[in-house]
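Undergrad: Spelled out, the chains give:
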Amino acid sequence: MIRAYEKEVSWQAGGLAIAVHLALLGALLISFNWKAAHPVMNVTEVELWDSLPNVQAPMPIPPSPLIEEQPKPEPVVKEEPKVEPKPEPMTKEEPKIDIALEKKQKELEQKKIADKLKKELALEQKKQLAALQAESLKDEKANNDKLLKEEAVKKIQQEALADDKAQSDQQILSAKAAANAGVLDEFRSKIQAKIRGNVNKALCGNGNPELKFDIALMPTGELSGVPKLTKSSGTVACDEAVERAIMASQPLPLPSDASLFSQFRNLKLRFRPND
Amino acid sequence: MTVSVANDMSIFSLVAGASLPVQLVLVVLIITSLFSWWYIFIKLATIKRAEANAEDFENAFWAGGDLNKLFEGLTAGRRKPQGMASIFEAGFKEYIRHKQQPRMEVSDVMEGARRAMRAAYNRELDDLDAHLPFLASVGSVSPYIGLFGTVWGIMNAFRGLSNVAQATLSQVAPGIAEALVATAIGLFAAIPAVIAYNRFASSVDRLSVRYESFMEEFTNILQRKS
Chain F
24 MIRAYEKEVS WQAGGLAIAV HLALLGALLI SFNWKAAHPV MNVTEVELWD SLPNVQAPMP
84 IPPSPLIEEQ PKPEPVVKEE PKVEPKPEPM TKEEPKIDIA LEKKQKELEQ KKIADKLKKE
144 LALEQKKQLA ALQAESLKDE KANNDKLLKE EAVKKIQQEA LADDKAQSDQ QILSAKAAAN
204 AGVLDEFRSK IQAKIRGNVN KALCGNGNPE LKFDIALMPT GELSGVPKLT KSSGTVACDE
264 AVERAIMASQ PLPLPSDASL FSQFRNLKLR FRPND
Chain E
8 MTVSVANDMS IFSLVAGASL PVQLVLVVLI ITSLFSWWYI FIKLATIKRA EANAEDFENA
68 FWAGGDLNKL FEGLTAGRRK PQGMASIFEA GFKEYIRHKQ QPRMEVSDVM EGARRAMRAA
128 YNRELDDLDA HLPFLASVGS VSPYIGLFGT VWGIMNAFRG LSNVAQATLS QVAPGIAEAL
188 VATAIGLFAA IPAVIAYNRF ASSVDRLSVR YESFMEEFTN ILQRKS
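For the protein sequence lines, the chains are F and E, in the order given. FYI, the numbering for the first sequence is 24 to 298, going by our numbering. FYI, the numbering for the second sequence is 8 to 233, going by our numbering.
Keep in mind that the hints were calculated from the coordinates and are not lab data. Each hint should be verified, as a subset may be incorrect.
[Said to hold, decoys possible] Cut-off 25 Å, straight-line C-alpha distance, at most; resulting in silico cross-link-like pairs (BS3-like, lysine-lysine): (1) E/Lys-87 with F/Lys-30; (2) F/Lys-127 with F/Lys-139; (3) F/Lys-129 with F/Lys-141; (4) F/Lys-30 with E/Lys-55; (5) F/Lys-291 with F/Lys-217; (6) F/Lys-213 with F/Lys-251.
Starting from the given sequences, assemble the full structure and let the hints guide the process.
TA: Written out as structure tokens, the structure is:
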């Protein structure tokens with residue numbers, strides 16, 4: 024390691040070498056603020072939407088520039104087809120009261136007739152006055168909805184909003200709330216069904232255990248954080264199976280209406296895997 | 008909502024939290040660094056002393072005194088002469104020995120003295136060059152060892168990140184910081200080693216040139232004497 028003639032300086036040199044390293048360590052400890060005491064961070068949660076809530080905004084834009092003259096011929100021809108889809112959009116009233124009532128339907132038919140009249144009026148007005156474009160836009164909406172019937176729930180609600188505006192202000196609030204409740208229930212059951220499909224039921228035994236989970240969702244339908252078990256089934260394997268199922272079900276179905284998301288941010292879910 | 012990201016980022020917890028290969032790299036680097044600094048200080052002292060000895064001996068030699076007296080003064084000391092003095096001692100001893108034998112050619116005597124001085128010179132140069140290869144290796148290799156530790160640590164940090172849905176900086180930052188400690192220590196070992204190597208190499212070169220020129224001059228003096 025060292026030569027004989029170096030022995031007399033070796034101790035001194037060793038001491039100096041250690042001193043140099045201690046100096047480095049000291050410099051590291053002093054010059055850096057290692058205990059980066061993060062000041063209590065105020066985290067502001069911001070939700071980013073890739074599209075605006077499309078209740079009012081997108082609707083007026085496409086029709087107005089594109090089809091100013093087209094609506095005139097089209098609605099005239101399509102008055103009859105328009106009437107047919109109407110009942111479906113109008114069945115949005117059903118979720119309000121959960122069960123469709125025949126009486127309601129009669130009322131709806133009356134409303135339909137009223138709507139027909141309205142539309143005829145509107146058509147005349149359109150022909151006469153460009154100022155009443157708003158009315159024509161609603162009809163456009165109706166046309167669009169016909170085409171996009173599959174996206175029923177969301178469209179129904181929008182339609183409801185649009186029509187209700189035309190009808191009365193009082194109905195708007197109640198109808199909206201009721202429709203929201205319906206959509207909420209629908210998606211809640213969709214979420215549960217999706218998760219249920221992923222549960223390995225064999226792990227939950229023969230009984231009928233019940234579990235409760237609190238989950239937090241992001242607008243994309245993914246979980247933010249880990250699902251929290253609030254009520255255990257009693258068997259760890261079953262709890263874990265359900266938790267895995269929740270994780271595997273991402274992204275969870277969410278209504279496309281952005282304004283409803285706040286209802287889904289924190290969900291309490293109840294499971295009976297063996298039901 | 009308050010989120011406390013109070014990760015204890017002290018250097019000790021960073022090192023303790025590092026994975027085993029990174030810790031091994033750190034240990035190797037710290038030992039290397041300790042040794043390289045130890046050798047640096049040893050070489051600093053010995054080369055300084057060799058230069059001072061050469062200076063003193065040249066002063067004594069060129070003072071014009073009797074060479075026999077100088078030789079006796081060197082051999083009388085308890086310490087073995089070093090550097091230029093040892094070259095002089097080896098050459099002069101060989102010269103006297105040959106002179107004492109009858110019927111020796113001058114060229115043989117000179118050749119013998121020269122060989123003895125050459126041997127002493129090689130021994131001295133070997134002593135001067137001691138540890139320099141180690142410093143050169145540390146200077147060139149320890150950054151790579153540190154880099155290896157860093158790459159390994161960052162690989163780990165990012166592998167851990169893949170399990171998380173929402174990647175945040177606070178999840179990777181400790182891993183990367185602990186990995187970078189390896190590079191820092193590698194550089195801390197390498198930079199002084201490279202500087203010291205270059206400085207010592209040039210010092211040794213200058214000393215060896217000085218020794219060689221002394222050998223030539225001393226050979227001439229011996230030749231004149233015989």
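Undergrad: Against this structure, judge whether each hint is valid.
TA: These are the hints, each one checked on the structure:
1. Only pairs whose Cα atoms come within 25 Å are accepted, and E/Lys-87 paired with F/Lys-30 is accepted, the gap being roughly 14 Å.
2. Between the alpha carbons of F/Lys-127 and F/Lys-139 the distance comes to roughly 18 Å, so the proposed pair stays at or under 25 Å and holds.
3. Annotation: proposed proximity of F/Lys-129 to F/Lys-141 holds, straight-line Cα distance about 18 Å (limit 25 Å).
4. Taken as a hint, the F/Lys-30 and E/Lys-55 pair is honoured in the structure, with Cα atoms around 15 Å apart against an allowance of 25 Å.
5. Between F/Lys-291 and F/Lys-217 the CA atoms are separated by roughly 15 Å; this keeps the pair inside 25 Å, and the hint holds.
6. In summary, the hint linking F/Lys-213 to F/Lys-251 is supported, as the alpha carbons are separated by about 20 Å, within the 25 Å threshold.
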